[in-house]
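Okay, here's what each chain looks like letter by letter:
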Amino acid sequence: MRVLMLGWEFPPFISGGLGTACYGLTKAMSQLGIKVTFVLPKQVDGDYATHVKLLTPGSKGAVSDEFSGLEGCKNISFRTIGSPLRPYSTPEFYRQSIERMLERTGKKNKDIPQNWQFEGIDYSGDMYTEVHRYAALANNLAKDEEFDIIHAHDWMTYPAAIAIAGLTGKPLVVHIHSTEFDRSGEHVNQMIYDIEKKGFYSADKIIAVSHFTRNILISRYGVPGGKIEVVYNGVERNGTDNWPLEKSGIQKDEKIVLFLGRITMQKGPEYFLQAAQRVLSVMDNVKFVMAGSGDLAHRTIEMAAELGIGDKVLFTGFLRGDDVKKIYQMADLYVMPSVSEPFGIAPLEALDNDVPVIISRQSGVSEVLVHALKVDFWDVDEIANKIVAVLKHPPLQITLRNYGNFEVRKLRWSESAAKCAKIYEQMLTPVG
Amino acid sequence: MASVCFYFQAHQPMRLRHYTVFDKHHNYFDDRGNAAICRKVANKCYLPANRLMLKLIRKHQGRFKIAYGITGVLLEQIISFAPEVMSTFDALAETGCVEFLGETYYHSLSFLYSKEDFLEQVKKHSSTIESYFGQKPRVFRNTELIYNNELAAFIESLGLFDAIITEGADHILGYRSPDFVYRPKGCEKLKLLLKNYSLSDDIAFRFSNRDWKQWPLTADKFARWVNKVNGNGNVVNLFMDYETFGEHQWKDTGIFDFLKHLPDEILKHPDNDFKTPTEVVNSYPPMDEVDVPNLISWADTERDTSAWIGNAMQSNAIHELYRLEDEIKKTADKKIIEDWRKLQISDHFYYMCTKWFADGDVHKYFNPYDSPYDAYINYMNILSNLKMRCFLHKDLKKVQRLFENRKSQPETVIA
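Taken in sequence, the protein lines are chains G and L. First residue of the first sequence? That's 0 in numbering that gives the first Met the number 0, and the numbers climb one at a time after it. First residue of the second sequence? That's 0 in numbering that gives the first Met the number 0, and the numbers climb one at a time after it.
Careful, some of the hints might be misleading.
If you anchor each label on the Cβ, the simulated ranges turn out as follows [unchecked claim]:
(1) Lys23(L) to Gly316(G): 35 to 43 Å
(2) Lys393(L) to Trp377(G): 33 to 41 Å
(3) Asn42(L) to Pro223(G): 38 to 46 Å
(4) Ala34(L) to Asp375(G): 21 to 29 Å
(5) Ile397(G) to Leu159(L): 35 to 43 Å
(6) Gly221(G) to His318(L): 50 to 58 Å
Stretches of chain L that chain G covers, calculated by requiring three or more beta carbons in the stretch to come under 8 Å of a beta carbon on chain G [stated by the list, open to error]:
(7) 8-22
(8) 96-107
(9) 199-207
Rather than coming from a laboratory, the hints here were simulated on the basis of the structure. Fair warning: this is a prediction, and the values are worked out from it, not measured in the lab. Just so you know, even glycine gets a beta-carbon here, dropped at the ideal spot from N, CA and C.
Make a model of the complete structure from these sequences and hints.
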């Protein structure tokens, strides 16, 4: 079976869970013998520029070198399309990054070109046009590919996927990792909502990462429930290479409570801080570490100061690779107070690293985890109550850690990939 | 001769209210929730079952007999929340066909942690039963039928009881049948009654299970199984939770109809009768000695204590609780001591059990917590508040003493 998969990001160039999920899923699919061609936008300019070989990919797409050596991914090939599209970004962010890019290339003050067909310029003036430009390029690229099924991850790739499905007549699966309601609360961006909705209606099958998300699709988008399958995410097992703590250079006389994720409205950073303040009213030897970046990062730092706990909260910025491992090794507890979390892979990673977790009930991962403490994100007293309990009572920490680590081993990407494969098979089997 | 000995255990814990580390008040128990559950169980089980028992006893004119074990904490709740149940128990006591058994007032695991407090709780329970029902318990059953040789010896040494009850677990009996009276190893007078778990669980657990090949269980079928014991045993001990009737097995399963017809069917056989535990003890000699060096209980398939003290949280919580004993008793504050004892109710630890957590199961019965972790956190918050009260009490006394000393001293006259 050959799958044309459309995504936004892929390790090591990731900003959140979507890249991790795509990596885990495709790797496991590859092990099942499914051939995957992974198409993703390639950042021409940006934070990762130093890691990327700047062989500017033509709009026709190119086999990407930097991904080719990935372990266990022999059945996966990559096609990149030059585009500044970034997951989780907003139209405002998009405009800013285009302007930054123009500044650097000396094209400032020139009008932003509106015509994406203009050769040599890999972007368009606004995000929506860019999404459609991306669709056209992907469509072009798909002409050269052989595949049986199209699998698209999240809204930015939906127009491309719909176009390719229309052109080739191949069945379309859309995978939903996050809806506009998760990201923006009630202040949804109408155009993104429309694109998502169009994707859901054009798809032959929808894969939601949790029942939590499935319910949002039914109640907010009016999607018939029979069309939606739930496939939970897995977690990539890092093995047992426990680093001795000395290596991280941290003296542990203080307890460390970790927030790891994008610092955005969706992730509930303010609830984390409010809970921290409550905890500090009854305990002293605790530090709260916030690892991640996002549009609320500055606001959150200010808030820590306003709450009078600035000296107890550390901000690390965005962490990747070994730094993530190190921070898990330092942490006594991981807290995910998400307001709306379709799945939430990070708590699984925390458990995999022997860190007990407190997770919001408003998350998909709370459907699959039993050995985790669960809270409503708004209930800061209860979050604080549970944080104090874990820090104060070693037997609680031990029990959560032992059972949690055992439980998380059952959530493997191989299961998720097998479920996807089953869905593909059902779709490819002629009716009757 | 096969005697049927029914013994029903009636108990409801005093569940704790949600208590965070930030709470400072001393109202640990969820009175509203406990009242609601108590009334619900009273209406579904205690009242209809008591009325049916009363009817059966009257109908059979002394030939149908039963025994109850009612915990002190349930009696307290019945009196506060469902007093009408008390009058039906009174009426049952007056028939002379009902025996009441002894146990720890607080349904606690105190025997394992404090013999001193265990004894106080057993005495408190006995005197409570005597004051309400006019009879002093002569047969003892420990919480959840937790038992070993040491307990039997301790109970014998008290001289308060003629017999003790426990689970007829296979591994303590070997080839022997539970349908005889035994003697605990190391005891001279005390007798041992063993639960016939197979026949007991046919009623208590399997009655409404449609996958069970014996479903539906009828009174005459059950009587036939009991008759088979004739010639192979003296007594069939049917021990179960009283909540089996109407609560574990709902009314629409036909459990009350089954019970209604059972005495008739049992008594059809001329060699059968019903006996209370004390009558069993007086009628049959011990057949053999039973050696139980390790703790057993009637819980789960393991028949051990792991449901209450099997994981790190449970063990930590219960040790912290009993470590406070001296401090608690030194305060001599009735309310503090009573709160400490109510925190000994075994259900608090049962809710922290992780064994069956993933599959749900019987551990969910009126469990107020979402998870064993929540149960532990809540319990530990309350325990730390109780500890604080002990210390405050000490300080308070010191202050009072200082104050009194000062008063007793003659005022110095300043010249």
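* Asked: Which numbered hints does this structure break?
  -> 8, 9
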